[in-house]
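Got chain A; can you put chain B on it based on the hints?
First to last, the protein sequences are chains A and B.
So the first sequence is numbered by numbering that gives the first Met the number 0: it starts at 0 and just counts up by one.
So the second sequence is numbered by numbering that gives the first Met the number 0: it starts at 0 and just counts up by one.
Keep in mind that the hints were calculated from the coordinates and are not lab data.
Honestly, I wouldn't trust all of these hints.
[To be verified] Below, simulated BS3-like cross-link-like pairs (lysine-lysine); rule was C-alpha separation at most 25 Å, straight line:
| id | chain 1 | residue 1 | chain 2 | residue 2 |
| --- | --- | --- | --- | --- |
| 1 | A | K116 | B | K605 |
| 2 | B | K415 | B | K608 |
| 3 | A | K92 | A | K20 |
| 4 | B | K625 | B | K608 |
| 5 | B | K608 | A | K158 |
| 6 | B | K342 | B | K186 |
| 7 | A | K30 | B | K323 |
| 8 | B | K608 | A | K163 |
| 9 | B | K16 | B | K281 |
| 10 | B | K144 | B | K373 |
| 11 | A | K158 | B | K625 |
| 12 | B | K52 | A | K158 |
| 13 | B | K323 | A | K33 |
| 14 | B | K605 | A | K163 |
| 15 | B | K415 | A | K158 |
| 16 | A | K116 | B | K625 |
| 17 | A | K163 | B | K186 |
| 18 | A | K38 | B | K323 |
| 19 | B | K608 | A | K116 |
| 20 | B | K342 | A | K38 |
| 21 | A | K30 | A | K20 |
Since this is a predicted model, take the numbers as computed values, not measurements.
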Amino acid sequence: MNPKAKTVTQNNTGEEVSAEKEARDRQETLKILKSFGRKRENLIPILQKVQARLGYLPREAMMEIATHLGIPEIDVYGVVTFYNQFRLNPPGKHSIRVCLGTACHMKGGYITLDAWKRRLDINQGETTPDREFDLDTVACVGCCTMAPVTVVDNQPEGKVEPTKVDGILLAFELERGAEGQKTVR
Amino acid sequence: MKVDESPTIASLFEEIKSQADSHWQELFDSGQPVIVVGTATCGRAAGALDVLKAIRDELERQGVDCPVFEAGCLGHCYAEPLVIIGKPGYPPICYGYVNPVIAERLVKEFVVGDNPCLEFVLGALEANDLVPSFADFPRATYEKKIVLRNCGHIDPTDINHYIANGGYVTLSKALQMSPEEIITEIKDSGLKGRGGAGFSTGQKWEICRNTPGRPKYAICNADEGDPGAFMDRAILESDPHSVIEGLIITAYAVGVRNGYIYVRAEYPLAVERVRIALRQAKKLNLLGRRILGSDFSFDIRLFEGSGAFVCGEETALIASLEGKAGMPRHRPPYPPTSGLYGKPTVVNNVKTLASVPQILTNGAAWFASIGTEKSKGTAVFALAGKIVNTGLVEVPMGTTLRQVIFDVGSGIPNGKRFKAVQIGGPSGGCLPESALDLPIDFDSLTEAGAMMGSGGMVVLDEDDCMVEIARYFLEFTQRESCGKCTFCRLGTKQMLALLSDITLGEGTQADIDILKALARDVKTGSLCSLGKTAPNPVLTTLRYFEGEYQAHITEGRCPALMCQHLIAYYILPNKCERSCDACVGTCTVEAISPNKKRIKVIDQEKCVKCNTCLMACPPQYNAIVKLSPPSEVPAAEK
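Bound-form chain A, shown alone (with noise of 0.2 Å):
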């Protein structure tokens, strides 16, 4: 029924989760569970907690959270599905959330995404296979002066134009790059 329905899978790059890491998803859970009171009216806030805890909400954390609130798994689901800033797969070491506001678009922001599109090799809401990156889109972040506009790990980076992404990228592999000898050395 709802457009922004996300699909059931556990792990869009569909790896199989091990019996140790969903264990250790639910401890997390139980955990973050213990500081907040059974009322309904924590649900939000508690999805909010364990996404920043785990990075994404796994069915384990789902199931814990609708039984300690004592309320059906569906309500949670579908509450998750509901808000866009609930994802249900694991996301990338570095977001990348490319800003599709008004101004945004007008000055080009879906040729950035374009652009992020092809030189990641992936689309909207996916994450690349090693891990590295997580590519997604957000309405707007307000940032409509410096448009266009991507949020790079939660950093909004202005003007945003193609040339920019292949600059943006290039930090990245330098600082792996960098990283890569320090362990090799």
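Then chain B, alone, in the frame of chain A:
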């Protein structure tokens, strides 16, 4: 309030105030220059944090210990990052377009040395003989800052700055007034809700106060979801206490003990600054139990939204607070009679609340004297898009669109022609040049087919396709429709499909009639404003720019050269300079190569139409053009 308690409130506040004043005065008494960096989100996107770091580093290298603090948004977002340096003996000077290199120079030459670096000056904050001040800017004639008065001047993370600049004085006075007096004052001022609908704030409070039922709730709606609008973000990031003070006064007037500030999750910095502000207000007992020794207690909880546009609608916002999916419900009953958990609830917008302390301080008559007969006070606009001076402006109601766009915003950049202004986000509309002399108020904009909305103003020039912008908004509302009402859920989807066809050059004449019919159905068949206003962008563009729709449909041509399927990039052989390779190097997909004569040619198969080459081509050659329809490209090169 009992009479014998009044002196306690006043004296308790006096103590807080004198501490804040001395704290604020210390900044200037040190004899050192004071440096202020604007680090609201717009500043950060332009690199303000790097500038801040560069300043701190350079100060350390120079061994100077002077106060540096972060402020919010001055409104001159086009010139971000902004740095204000107040040096004794000089007026406070604001520098624009600062980068780390300029920042270092400013420290070396002005803070340490005595050269005010006039080449980087944007304007002074006070009139003086040395540099032009902001008051000399043409826009100053029109601006009147009530809600934005502190933005960019104070540290939003330090409550003392707010108090020293007149903050919370009104609260201390309000607590000595009767709630009825406050409500009358607000009613007399003519303040209308700034969230878009424009309902009388005083009346809303009165209804909520007079409705039996406890507890009551007060909510600040900071779920500013309109793409292209950022006024609430800027206010919360720059002056959060003004909103909190407004909410406390609201609660006192209405008789509420619990309040919420609902901020959207896309504004992490606003969330952080509100959180800090709430903590500080609580610490000084301006919030919490028995505020300033009175018998009024009030607590505010910060609630982060989770990214759903529809939650800006008050009943959806309430559902979201209750931990449910944010779906609107039928009104009436309106929240003042039955809101959160079915209890009387007053929901006010950020700008409404920020106006409240000012109205009580200066009086209802003062506020009512600003603006037009039916719309009082000021309107805050976020100027963005194809306009020279992007940023935040606050003008009295009744100012014309032309004044805001051409006098305050300095018009359209790059010598382009103005085409339309999009007001009110997805619920608003696109107004053409002929509507520019409309005074801005709640009624005249609605009449023209747009609406006041929350205040986003995106200016469009001749390069912007009106069909595409209608499609863009429909895509947005279609995605954000909660799915409850059939017409909104399916109607917007159909409208989007039709508009997409037109932008792809696959539209037919019949589509226009179907669009109009669907627009009517969606408007009448939807519960909340999202659906009721979703067709507005389509209807206004059809009303004012039907010719563009026709060009797409009959000729497969996009007059604005924007719709990607209907354009092609082409290098004019007679203009291309043989020795220049600028486009070849920048092409992101290696679609450009030189031919035998070293004239560059675009491989149309490979071209992704990213516009990079057009920007890279040096202006003295200007050899790259967009053609529409794509069949205009000479056959030899296809």
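Evaluation of the provided hints:
For the proposed pair K116 (chain A) and K605 (chain B), the alpha carbon gap of about 16 Å is at most 25 Å, so the pair holds. Proximity of K415 (chain B) to K608 (chain B) is assessed by CA-CA distance (about 21 Å); at most 25 Å being required, the pair is judged to hold. Straight-line distance between C-alpha atoms of K92 (chain A) and K20 (chain A) comes to about 18 Å, which keeps the hinted pair within the 25 Å bound. A threshold of 25 Å between alpha carbons decides the hint, and for K625 (chain B) with K608 (chain B) the separation of about 9 Å falls inside it, so the pair holds.
In summary, the hint linking K608 (chain B) to K158 (chain A) is supported, as the alpha carbons are separated by about 18 Å, within the 25 Å threshold. For the proposed pair K342 (chain B) and K186 (chain B), the alpha carbon gap of about 23 Å is at most 25 Å, so the pair holds. The hinted pair formed by K30 (chain A) and K323 (chain B) meets the criterion: a straight-line CA distance of about 23 Å does not exceed 25 Å. The straight-line distance between the Cα atoms of K608 (chain B) and K163 (chain A) is roughly 16 Å, inside the 25 Å bound, and the hint therefore holds.
For the hint pairing K16 (chain B) with K281 (chain B), the CA-to-CA distance comes to about 15 Å; that is within 25 Å, so the pair holds. As the CA atoms of K144 (chain B) and K373 (chain B) are separated by approximately 20 Å, the hinted pair is consistent with the 25 Å bound. Restraint check for K158 (chain A) and K625 (chain B): satisfied, since their Cα atoms lie roughly 22 Å apart, inside the 25 Å limit. Restraint check: the Cα-Cα separation between K52 (chain B) and K158 (chain A) comes to about 22 Å, which is no more than 25 Å; the hinted pair holds.
Of the supplied pair hints, the one linking K323 (chain B) and K33 (chain A) holds, its CA atoms being roughly 21 Å apart against a limit of 25 Å. Between K605 (chain B) and K163 (chain A), the direct Cα distance comes to roughly 20 Å. Compliance with the 25 Å bound is thereby established for this hinted pair. About 20 Å separates the Cα atoms of K415 (chain B) and K158 (chain A), which keeps this hinted pair within 25 Å; it holds. Under the criterion of a C-alpha separation no larger than 25 Å, the hint pairing K116 (chain A) with K625 (chain B) is consistent with the structure, at around 23 Å.
Of the supplied pair hints, the one linking K163 (chain A) and K186 (chain B) is violated, its CA atoms being roughly 51 Å apart against a limit of 25 Å. As the CA atoms of K38 (chain A) and K323 (chain B) are separated by approximately 12 Å, the hinted pair is consistent with the 25 Å bound. Pair hint K608 (chain B) plus K116 (chain A) holds up; C-alpha atoms about 14 Å apart against a cutoff of 25 Å. The hinted pair formed by K342 (chain B) and K38 (chain A) meets the criterion: a straight-line CA distance of about 17 Å does not exceed 25 Å.
Straight-line distance between C-alpha atoms of K30 (chain A) and K20 (chain A) comes to about 15 Å, which keeps the hinted pair within the 25 Å bound.
Consistency note: the structure conflicts with earlier hint 17 alone.
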